[in-house]
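Enquirer: Chains A and B supply the protein sequences, listed in that same order. Here the first sequence is numbered in the numbering used here, starting from 113 and rising by one per residue. Here the second sequence is numbered in the numbering used here, starting from 1323 and rising by one per residue.
Hints in this document: simulated from the structure, not taken from any laboratory. In this text, a Cβ means the ideal position worked out from N, Cα and C, and glycines have one as well. Take these hints with a grain of salt, some might be off.
[Claimed, not checked] Covered stretches of chain A (chain B as the covering partner; in silico rule of three or more C-beta atoms under 8 Å from a C-beta of chain B):
#	segment
1	146-157
2	161-175
[Said to hold, decoys possible] Not the full set, but computed from the structure, chain A residues with beta-carbon under 10 Å of chain B:
#	residue
3	Ser142
4	Leu143
5	Ile256
6	Leu257
7	Leu258
8	Arg288
9	Asn289
10	Gln295
11	Phe297
12	Leu300
13	Ala302
14	Ile309
15	Lys313
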Amino acid sequence: MMLKKLLGRNYKWWYLVKYNFDVNSSGAFSLVIAQLSIILNTLTLTYVWAIGQASAAVFTYLLLGRIYRGLIESFGATNISQKIITGGISKDLILPQSYFKIDFFNTLGERFVHNPINVTAYIFAAIVAFNTFATFYNSDPIKILLLILFVPISFYIFYILNFIFGLSAFFFKDPRNFNRSYQSFIALHAVLTGLYIPLDKLSLPFIENTPFAYILHQPMQIYLGKYTTNQTIQVFLGGLAWCLVLYILAKIVFKLGLKKNESVGL
Amino acid sequence: MALTKLLGKNYKWWYIIWFSITRESVGFKGFIVYQFSNIVRILTTVYIWYLANADTFTISYLLLGQIYKSIVENTYYFRISDLIYTSTISSDLLQPKPFLFTQFVKSIGARIVKNIYFVFGAVVGVLIASLTFAPVQLSFANLFLLILMVPISFTLNFILGALVGCIAFFVRDRRDYEGYRNSYEAILFAISGVAIPLYKFPFWLFKILEFLPTAWIIHHPMQIYLGKYNTNQTILVFLGGLTWCIVLYILAKIIFKLGLKRNESVGL
Chain A
113 MMLKKLLGRN
123 YKWWYLVKYN
133 FDVNSSGAFS
143 LVIAQLSIIL
153 NTLTLTYVWA
163 IGQASAAVFT
173 YLLLGRIYRG
183 LIESFGATNI
193 SQKIITGGIS
203 KDLILPQSYF
213 KIDFFNTLGE
223 RFVHNPINVT
233 AYIFAAIVAF
243 NTFATFYNSD
253 PIKILLLILF
263 VPISFYIFYI
273 LNFIFGLSAF
283 FFKDPRNFNR
293 SYQSFIALHA
303 VLTGLYIPLD
313 KLSLPFIENT
323 PFAYILHQPM
333 QIYLGKYTTN
343 QTIQVFLGGL
353 AWCLVLYILA
363 KIVFKLGLKK
373 NESVGL
Chain B
1323 MALTKLLGKN
1333 YKWWYIIWFS
1343 ITRESVGFKG
1353 FIVYQFSNIV
1363 RILTTVYIWY
1373 LANADTFTIS
1383 YLLLGQIYKS
1393 IVENTYYFRI
1403 SDLIYTSTIS
1413 SDLLQPKPFL
1423 FTQFVKSIGA
1433 RIVKNIYFVF
1443 GAVVGVLIAS
1453 LTFAPVQLSF
1463 ANLFLLILMV
1473 PISFTLNFIL
1483 GALVGCIAFF
1493 VRDRRDYEGY
1503 RNSYEAILFA
1513 ISGVAIPLYK
1523 FPFWLFKILE
1533 FLPTAWIIHH
1543 PMQIYLGKYN
1553 TNQTILVFLG
1563 GLTWCIVLYI
1573 LAKIIFKLGL
1583 KRNESVGL
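The shape of chain B in the complex, shown without the other chains (with noise of 0.2 Å):
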């Protein structure tokens, strides 16, 4: 009640935060079960570079990149094409909020529990890496930037998710969106430095790669946390993470416009 008071009208967001926490609660056992896959899946990746010699510094930029992968993960693409394909996306958009934002609310309150999970899988995976086979390179310094990125990367990661989700307006059939779907994973997997440090790529590809948004997912992050840029490529990197937010944010608003348009067109 006294948060009702302190927050006034603007208590629905917070409602609808803990209404998601609430609801991403359930499935705990299945959830735990599943982190063992996350932690063989570090550990496989790790190995790799392992036996490819990899120096410290990428160990700990892949290690590290996991644990920061996790903690700003947002698979929101699932939820607004089931939303699309479902309709029930009519029932949102008749609520007096803007949906997207609305949206977006919604899906820190989800990815907060399931977050959490993921965060666990990682640490263990990274644990018994470093304590195996690769140690990891940790660094106080710059932990603060860190986790000034996570706000910006969790925000690329939701915009990003909701453009690929947009895609079930214009594909009529529930397993065509799948096919986008796995290709945006999988150019995610491959471009967002979660497999690759985006260093270890040919140079004139590397250059290409770090400007583009998915750079801000783990690659950024990592380079500021493991001291390689300078104060001013830092600042640099937070305005360029802000801008590519505002820039995405408005283009996904005009393609769910665009999206909205073509289904309501023939009252379908």
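So here's chain A without its partners, still in its complex pose (with noise of 0.2 Å):
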């Protein structure tokens, strides 16, 4: 008010000044913000879990879960999905290098930034759970290493299955469309993966063998110690085995949807 009387009808540029300087160094908080509603979330489905008197495995599992998929996921198909429809593909296309590499290395440098503060949040959920409602299974600490072993693995696996979904916009004609089958595949990601409940409480065992496993119920079973040696190695070269394959369809789905694009000449 002070400033308002002082700076007379020139208050709007003192204003002009504020308010960009706001925008500029804006982004931060949102950042800050959006971790409560992570925590909040986690929190609540958490204690579902409470309520029916779950085991510390479980907790483990579901806590400790959160806070390896805050470490490797990549939410790429918004991104890929808005240069299909933009048609900013064409511009990645002309580059020298594969388009594969370039978003691969693109969303790495991205992840760097969001996930450790996504991870900072289940860090703080996990804490408060576990110092309330929760109890944690203390594993061996070489089962740690191992899975920080997987990291590169349920990594890759996450950012490929987005990037082939996000290659469906090739076959979608309306962007919103689109938008609204990326929240059905979250949604379905969410449950196959074992974000909310452990994939071998669902008594279906093939779904143990899905790519989805590999980003958040296998690395937990190791942790948790379900697995021999022999079953270890195993898991490693499942998911190396899927990396390899989901690459090869991410390809073929890449070549089939230029196709369709080209051929209409879009």
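Given two chains presented individually in distinct reference frames, assemble the corresponding complex, making use of the accompanying hints.
Expert: Here it is as structure tokens:
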């Protein structure tokens, strides 16, 4: 109010300076606020298990699983679909590098910023939960090392599954249809990875062999000591095999989509 | 034409509803596919409760609560924040109609189509759950009371959305606003009864939560439907809902005015 009186009708210039300062320094605050929703969602969903008096292994699977997933998550489908829908992909295709490599390394750089922030929120939620209603399952420290070794596999599977879904934008005419389908994919993805319910509780054995299981379920099973050495090696090999299969699938879908677009000159 | 004559100068309200319905009817395919996520969400939430050995009452509360939530769904904060950030609110304010009420009428039209899709998704989800692992306790005795609660829950959802959307007046960057919106959605998810019936919280917390306006979105309607309240309590719930509508409407008007003043004071 003082400043308003002092500057009179010139206050608007001060306001514009202040306004632009705020606009350009923001985004950071939104990330902090957004973490509150991550914490609250995690606590709400885990509290349901507390009501059902779940075991320490279940709580650890869910809470540590979220931290692990926070570390490897990447939702690149929106980026690639945007490029396809707006035609911006043409610019990337002109570059003398593989489009797959460009997108992967772009995602990697982007996630180096976002993932640690999300992980902090998940860690905070886990600390709150473990200190109030949940119990922690202490495992062998060597399992943590195995978990870290699994990170690149989970990251790549998470990334490539999203990439493949993003490529489906080649086949959608309306961006709204893509966006809503993507919401469904995210919901299904969360269930199939074991984000809400440990997959071994679903009594559907095949579900543990889908690529989604290598994003959260299999690493958590390794951490909880559910596998013997041989089984652990098999899980690692299975993860690598899925990486390869999904990479080939992504290449095929990409070619098919591109062909569909080119055939009508779009 | 007959309707124009019949409604006279109030025809504009009907026209607003009809216009919003038509506008929201596009993107049909996407919405049908989107319902798949709705179904998955319902099944997942209820399956966790099933694994937690929940009783039929809790399962019914959660499943029927999902259908009820789909009927009264109103994410108005998307619309109002968009109007504020794109400054298109100015053209709405030029019209000689009360802004919030006009927006409310528009949101009725906008939600009719969307909520029908949501109800369809919720009903499919509930049917799958109840026919496989989670039987639902159906009661037609209190269905009429539940229907009477719909306008209250819908209005509360709208006003709460308007209050959240008005944050856009005070937060200059849209990304920052998104953070507030996400937090509101997470709070609503935690304390409206959509994931956890409020009576499952510690008693002291339950006593606080059941008096908040968010309890009128799912919790109280479900308690009425499942016959947990006697006649006096039901009347009190209805009166409480109406009181919250009035109080929050007044609050929304005040905050809207404050926000508008803040925007207008420097002519931006």
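Enquirer: Of the hints given before, which are not true for this structure?
Expert: 5, 6 and 7
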